[in-house]
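Asks: Sequence:
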Amino acid sequence: MTTQWIDIPSGSDSFGGYLSLPRRGSGPAVIIIQEIFGVNGQIRAVCDQYAAAGYVALAPDVFWRTKPRVELTYEGTDLQTAVDLAQKTNIDLAVADIAATADLLRTLPEVSGKVAAVGFCMGGLLSYLVASTGKVDAAIAYYGGGIQGNLDAASKITEPILFHYAENDHAIPLSAVEVVKSAFASHHNASFHLYPGAEHGFSCTDRTSYNQRAATLAHGRSLTFLAEHL
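The sequence shown lines up with residues 1 to 230 when you count with UniProt numbering.
What the hints contain is simulated information worked out from the structure, not anything from laboratory work.
We put the beta carbon where it would ideally sit given N, CA and C, even for glycine.
Errors might be hidden in some of the hints.
[Unchecked claim] Here are the simulated SDA-like pairs of lysine to any residue, each with C-alpha atoms no more than 20 Å apart in a straight line:
| id | residue 1 | residue 2 |
| --- | --- | --- |
| 1 | 67 | 6 |
| 2 | 114 | 181 |
| 3 | 181 | 151 |
| 4 | 114 | 91 |
| 5 | 67 | 91 |
[As the list claims (entries may be wrong)] Label pairs and their calculated CB-CB ranges:
| id | residue 1 | residue 2 | range |
| --- | --- | --- | --- |
| 6 | 26 | 173 | 37 to 45 Å |
| 7 | 110 | 158 | 21 to 29 Å |
| 8 | 5 | 78 | 34 to 42 Å |
| 9 | 182 | 107 | 24 to 32 Å |
| 10 | 205 | 93 | 24 to 32 Å |
| 11 | 66 | 220 | 30 to 38 Å |
| 12 | 228 | 65 | 13 to 21 Å |
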């Protein structure tokens with residue numbers, strides 16, 4: 001596969017994104033949306049993972065307005081830095097950046113199909129919110145923090161959306177999961193999976209909460225979902 005950082009236009013400005021192309025050179029596209037730790041090695045590895053599966057994968061730098069190209073680990077002072085960056089991030093502008101990423105992908109000659117968003121933690125919330133703009137053809141939210149507080153967007157989502165939740169998530173109680181499920185009760189476009197015994201961040205191989213079984217199940221379900229809808 002081929003990887004590089006590219007510029008993503010945003011109004012009169014631009015920001016960076018990590019692009020990973022499949023071996024065949026083209027395919028449908030996925031926007032990989034970071035956690036609060038930046039487009040770090042883990043997120044780049046996820047891009048490469050999807051590129052290996054035949055997708056054009058692009059991870060936009062959500063924190064570019066505050067600290068471009070930041071790469072953080074998951075513990076110690078980096079964790080506090082990540083929290084601070086997340087608190088300084090304007091969610092509406094971040095959603096607009098992801099929409100701009102989708103717009104760019106549709107112009108690339110390497111993109112031969114539709115565009116989906118796949119987000120983790122904060123990125124899960126952003127994936128959900130960008131789905132409500134109609135800018136993507138499908139969306140996946142891994143343990144998306146804050147979705148339960150933004151349910152006004154649910155009625156605007158008409159394309160397929162997949163939610164992955166952890167049973168033992170310290171940041172997202174099961175009551176919050178039920179609230180989100182209730183908001184989509186009348187929708188036929190939403191699917192939910194709850195992973196018994198899993199914790200927040202279960203899909204991230206660099207976290208101590210990584211859960212191999214849950215991560216493998218979730219990734220398989222995500223690939224099936226994308227194959228069906230892109």
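Asks: Work down the list of hints and note, for each, if the structure agrees.
Replies: A quick look at each hint next to the structure:
1. Taking the CA atoms of residue 67 and residue 6, the gap is near 17 Å; set against the 20 Å cutoff, the hint holds.
2. With a C-alpha separation of about 26 Å, the suggested pairing of residue 114 with residue 181 is violated against the 20 Å cut-off.
3. Proximity of residue 181 to residue 151 is assessed by CA-CA distance (about 10 Å); at most 20 Å being required, the pair is judged to hold.
4. This hinted pair does not check out: residue 114 and residue 91 have alpha carbons roughly 24 Å apart, beyond 20 Å.
5. Simply put, residue 67 and residue 91 have alpha-carbon atoms about 15 Å apart, close enough for the 20 Å limit, and the pair holds.
6. A beta carbon spacing of about 42 Å between residue 26 and residue 173 agrees with the range 37 to 45 Å that was offered as a hint.
7. Roughly 27 Å separates the CB atoms of residue 110 and residue 158, a value that falls within the hinted 21 to 29 Å.
8. The beta-carbon spacing between residue 5 and residue 78, approximately 21 Å, falls outside the hinted interval of 34 to 42 Å.
9. Distance hint for residue 182 and residue 107: a CB-CB separation of about 38 Å, inconsistent with the stated range 24 to 32 Å.
10. For the pair residue 205 and residue 93, the beta carbons lie near 30 Å from each other, so the given range of 24 to 32 Å is met.
11. Here the CB-CB span from residue 66 to residue 220 is close to 35 Å, well matched to the stated 30 to 38 Å.
12. Remark: the range hint 13 to 21 Å for residue 228 to residue 65 is contradicted by a beta-carbon distance near 35 Å.
Comparing the model with each numbered hint stated earlier shows that hints 2, 4, 8, 9 and 12 do not hold.
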